[in-house]
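Given only the sequences and the hints, what does the whole structure look like? Please build it.
Residue numbers 212 to 509, in my numbering, belong to the letters of the sequence shown in order.
No lab work stands behind these hints: they were computed from the structure. Be aware that one or more of the hints could be misleading.
Unchecked claim - When the alpha-carbon atoms are kept at most 30 angstroms apart in a straight line, the in silico DSS-like pairs for lysine-lysine are as follows:
no. : residue 1 : residue 2
1   : K380      : K433
2   : K382      : K343
3   : K382      : K433
4   : K433      : K343
5   : K382      : K368
6   : K368      : K433
7   : K380      : K368
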Amino acid sequence: MPDLNRPELRGPSSLILKSLQRGSYLLIVTVPEREDVLVPLSIGNHKERLVNIHVPAGTPAGMIYVPAGEAIIGGTDSPLYRSREVHVPGFFIKRYEVTFAEYIEFWRQEPDADRRLSLTPYVQLDEGAYCKMPAWDSAGDLTGPLTPDMPVVGISKQAADTYCRWLSKAKGREVRLPTADEWEKAARGVDGRRYPWGDDFQWPFAHLEETGTGSHNRIYAKPGSYAIDRSIYGVMDMGGNVREWTATPFPASPRRHQIKGGSLATSVRYAACAYADSNTAIPTDVGFRYVMPLASEK
212 MPDLNRPELR GPSSLILKSL QRGSYLLIVT VPEREDVLVP LSIGNHKERL VNIHVPAGTP
272 AGMIYVPAGE AIIGGTDSPL YRSREVHVPG FFIKRYEVTF AEYIEFWRQE PDADRRLSLT
332 PYVQLDEGAY CKMPAWDSAG DLTGPLTPDM PVVGISKQAA DTYCRWLSKA KGREVRLPTA
392 DEWEKAARGV DGRRYPWGDD FQWPFAHLEE TGTGSHNRIY AKPGSYAIDR SIYGVMDMGG
452 NVREWTATPF PASPRRHQIK GGSLATSVRY AACAYADSNT AIPTDVGFRY VMPLASEK
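In structure tokens form, the structure reads like this:
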């Protein structure tokens with residue numbers, strides 16, 4: 212095995228790692244006065260692989276940096292694409308899904324009552340209920356077992372986009388929903404693994420409908436409750452808890468957008484990173500997280 216602690220340097224910012232065997236690696240790039248960058252590397256039958264690594268000056272609070280590079284997207288779990296290698300520009304992605312507390316802060320700042328109503332999530336808390344109910348009352352007080360630190364659910368893609376535009380204005384930089392490719396790379400890294408944590412599933416790796424003990428989950432978990440449901444970059448809850456909107460439409464149906472990840476209302480099949488679903492209504496188990504593109508890579 213090569214000694215990765217003694218790489219051959221080529222110039223002040225380049226290095227050569229010799230004789231790497233086929234497999235998956237994680238490079239940790241350290242630059243003085245900057246945060247470490249995690250760079251997953253997959254070595255196949257290629258004789259040489261060139262990886263350009265950009266180390267940003269800083270990472271916004273609550274975000275994870277996903278560096279630019281090729282990633283395996285799609286595969287047998289995807290209803291859309293065969294496995295293929297895609298270049299994905301670098302970006303920051305929210306470590307956790309947007310919570311009720313974060314969304315309610317935005318909702319309360321909307322002055323128009325009718326618009327606030329259109330931005331209100333609708334949820335189905337009782338499995339036997341046929342009707343959805345507002346997630347909170349007119350004052351913004353949550354219903355029943357929902358708590359502010361749970362991920363927000365029951366919103367439309369349009370509402371998620373509106374939140375991102377509001378946050379963009381507040382932060383003075385672009386905030387938007389991730390594309391399906393960005394979401395998938397943040398979830399599975401670059402080696403085409405099936406789930407965020409690897410290729411195997413065991414209970415209770417993620418917060419899904421079943422628990423592995425014959426019982427069923429009925430309420431959403433607080434972000435980060437499942438330590439195993441963590442991607443190679445450190446992004447949490449991409450296998451379960453709530454499904455998530457993306458900015459990417461289905462090729463044959465531009466009005467329907469891809470929803471990624473599993474939730475407490477889905478089976479294990481949805482937890483596969485390549486899987487994508489769609490729904491023209493407002494699904495009660497769908498929330499979102501956002502990304503911030505790198506200004507230098509727009």
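Each hint, compared with the structure:
no. : hint           : result
1   : K380 with K433 : holds (27 angstroms)
2   : K382 with K343 : violated (33 angstroms)
3   : K382 with K433 : holds (25 angstroms)
4   : K433 with K343 : holds (22 angstroms)
5   : K382 with K368 : holds (21 angstroms)
6   : K368 with K433 : holds (22 angstroms)
7   : K380 with K368 : holds (19 angstroms)
Of the numbered hints listed earlier, the single one contradicted by the structure is hint 2.
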